[in-house]
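Going down the list, the sequences are from chains F and H.
Going by the working numbering, the residue at position 284 of the first sequence is 284; the numbering climbs one at a time, nothing skipped.
So the number in the working numbering is just where the residue sits in the second sequence, counting from 1, plus 284.
Hints listed in this document are in silico derivations from the structure and should not be mistaken for laboratory results.
Honestly, I wouldn't trust all of these hints.
Said to hold, decoys possible - Computed footprint of chain F on chain H, listed as stretches where at least three residues anywhere in the stretch have a Cβ under 8 Å from a Cβ of chain F:
(1) 295-301
(2) 370-376
(3) 380-387
(4) 393-406
(5) 546-552
Just so it is clear, CB atoms sit at the ideal spot from N, CA and C, and this is done for glycine as well.
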Amino acid sequence: MSGYTEGIIILLCINAIAAMGVSLLTGFTGIFSLGHAAYMALGAYTTAILTVQHGVHWFPAIMCGGIMAVAVAFFIGVPTLKLMGDYYAIASIGLGEAIRLILENWQSVTRGARGYPGIDPYTTLPVAAAFFVVLAICMFNLINSRFGRACKACRDDYIASSLLGFHTARIRVISLMISAFYCGVAGALLGGFLSFIQPVMFDMLKSTELTAVVVFGGLGSMSGSLLGTAVITLVTELFRPISQYRMLIYGAVLVVIMVLRPEGIMGNREFLSWVKAPFRRRAG
Amino acid sequence: MATLIQQVINGLSLGSVYALIAVGYSLVYSILLFSNFAHGGFLVIGGYICYGTLRTFGTGIWLSGAIALAGAGVAAVLTERLAYRPIRERTNVTLYLLIASMGMSIVIENIFVIVAGGRFRALPPVIPTAPVNLMGLATTSAFDLLSLVSAVVFLGALQLFLSKTRWGLAIRAAAYDLRTAGLMGVNVNLLISIVFFVAGALAAVGGIFLSVRYTLYPQLGAITIKAFVAAVIGGLGSLPGAVVGSLILGLAEMLTAGFISSQMRDLVVFSMLVITLLVKPTGLFGKSVSEKV
Chain F
1 MSGYTEGIII
11 LLCINAIAAM
21 GVSLLTGFTG
31 IFSLGHAAYM
41 ALGAYTTAIL
51 TVQHGVHWFP
61 AIMCGGIMAV
71 AVAFFIGVPT
81 LKLMGDYYAI
91 ASIGLGEAIR
101 LILENWQSVT
111 RGARGYPGID
121 PYTTLPVAAA
131 FFVVLAICMF
141 NLINSRFGRA
151 CKACRDDYIA
161 SSLLGFHTAR
171 IRVISLMISA
181 FYCGVAGALL
191 GGFLSFIQPV
201 MFDMLKSTEL
211 TAVVVFGGLG
221 SMSGSLLGTA
231 VITLVTELFR
241 PISQYRMLIY
251 GAVLVVIMVL
261 RPEGIMGNRE
271 FLSWVKAPFR
281 RRAG
Chain H
285 MATLIQQVIN
295 GLSLGSVYAL
305 IAVGYSLVYS
315 ILLFSNFAHG
325 GFLVIGGYIC
335 YGTLRTFGTG
345 IWLSGAIALA
355 GAGVAAVLTE
365 RLAYRPIRER
375 TNVTLYLLIA
385 SMGMSIVIEN
395 IFVIVAGGRF
405 RALPPVIPTA
415 PVNLMGLATT
425 SAFDLLSLVS
435 AVVFLGALQL
445 FLSKTRWGLA
455 IRAAAYDLRT
465 AGLMGVNVNL
475 LISIVFFVAG
485 ALAAVGGIFL
495 SVRYTLYPQL
505 GAITIKAFVA
515 AVIGGLGSLP
525 GAVVGSLILG
535 LAEMLTAGFI
545 SSQMRDLVVF
555 SMLVITLLVK
565 PTGLFGKSVS
575 EKV
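Working from the sequences, and respecting the hints, build out all of it.
And the structure:
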């Protein structure tokens, strides 16, 4: 396998991990985020600093990156997610900007806007693929568990679900924390893949891209998010020559999908249910 | 002392520009209950129309300003017609509107990146920026005073429109309950168009002042984050709240820049948001707590 193909597959795995995180939050819990790149940045920088400056092995360092993202998500989520409405969406933009500013200005720790070089290239294809497979299995089990159903209940009708005894605020915060973990790990893997990270890599465009992928794949469909990631990552590679139109296309895709088919490519169905459908006996 | 007075005037001037943006955003939020992230785009459209007419036709600032206001207002109405109305008519899931507005914001920004280029542009010197001495207490620029005065004029006009006219009454009714207002015979689609026009025009005023204060570039719309934060601090959906929140935010930002460090100002803005949400999540003038579950 050539290095280029391998690189694309690694990138695909990383993007898919992040997309699964955002999908849980936006697609299954119904919370819109514009700052998930900040969690990726937290994961990437925590891991980079631990491995380069403190000589920690990459695996615990990646876990620490994920946990760092979870801690920040908790701090942001508790005040904002207790409220319905757009509070988290606004706070998430602020969070994204604040994290980027801290990374750019805290020279002694993060080496500032010029970036953090010299990270061990620990993200090889087997590592990225293993992380992807394990996290995907966890996520697909999670969305069919009690917790996943609780998330969907909160998304569809938070009054009814709170009357049924779900602690909606807690479910929303936990969902955010899990999604932050996925993004933190994805960021950490990205750092190991590129050996170099820079605050500007995790700006609002990246956050938007994460959300665009999930919306494109289908809100409420985990396999749709993976499909969306695959399509968008490959299309981005193919259309590198016209990359100045990339953001315009992302924006237009978001609007057009919302206007024409808000459920995305897959709707809220999973790929397996689609395959199984012809073989299933009709009820009644 | 002189620095303090100067920073307070700067802060009020910046806050009043935020207020112009935040009020439009809050107005849309109060009717449709979603965060219109494309609001920053309206500001950029206003700024570029003003720049373009000043440069190509050499019209005066009054005419260019008026064209910019009308242009941004029409752009806002078109955005609503094309992107939001089809969604609004089919479902009441505000998440879809939110995502569509994010998409529109990216589309508008990148249209300007492609058409006008990502360069920073300075508006021709149409608004006086000469230093003014304030009764020997402090020196400030005429621009700061001018932007403060124009914000007061526009916000006053909005207040008159909302409290004295029939459409103002209808808008207040719709902010209370859009459905019931519709049942009472208000033409809801026309009303929403009017609201978007007003919001777009106010954003354009903010955009012109911001492009004089900083420069004009496609990403200038990102500054609306601060207007959103101001609207949350004042209470989402409340117009007086949006104004007060903006002034507080402008003051906090300028005082931080003047006395601590200008790199900290955005962090201060964000901490204020988190503190508000922790202490009084409905903001200073928030209207309902019933949503809390």
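Q: Tell me, in ascending order, the numbers of any earlier hints that this structure violates.
A: When the structure is compared with the hints, only number 1 turns out to be violated.
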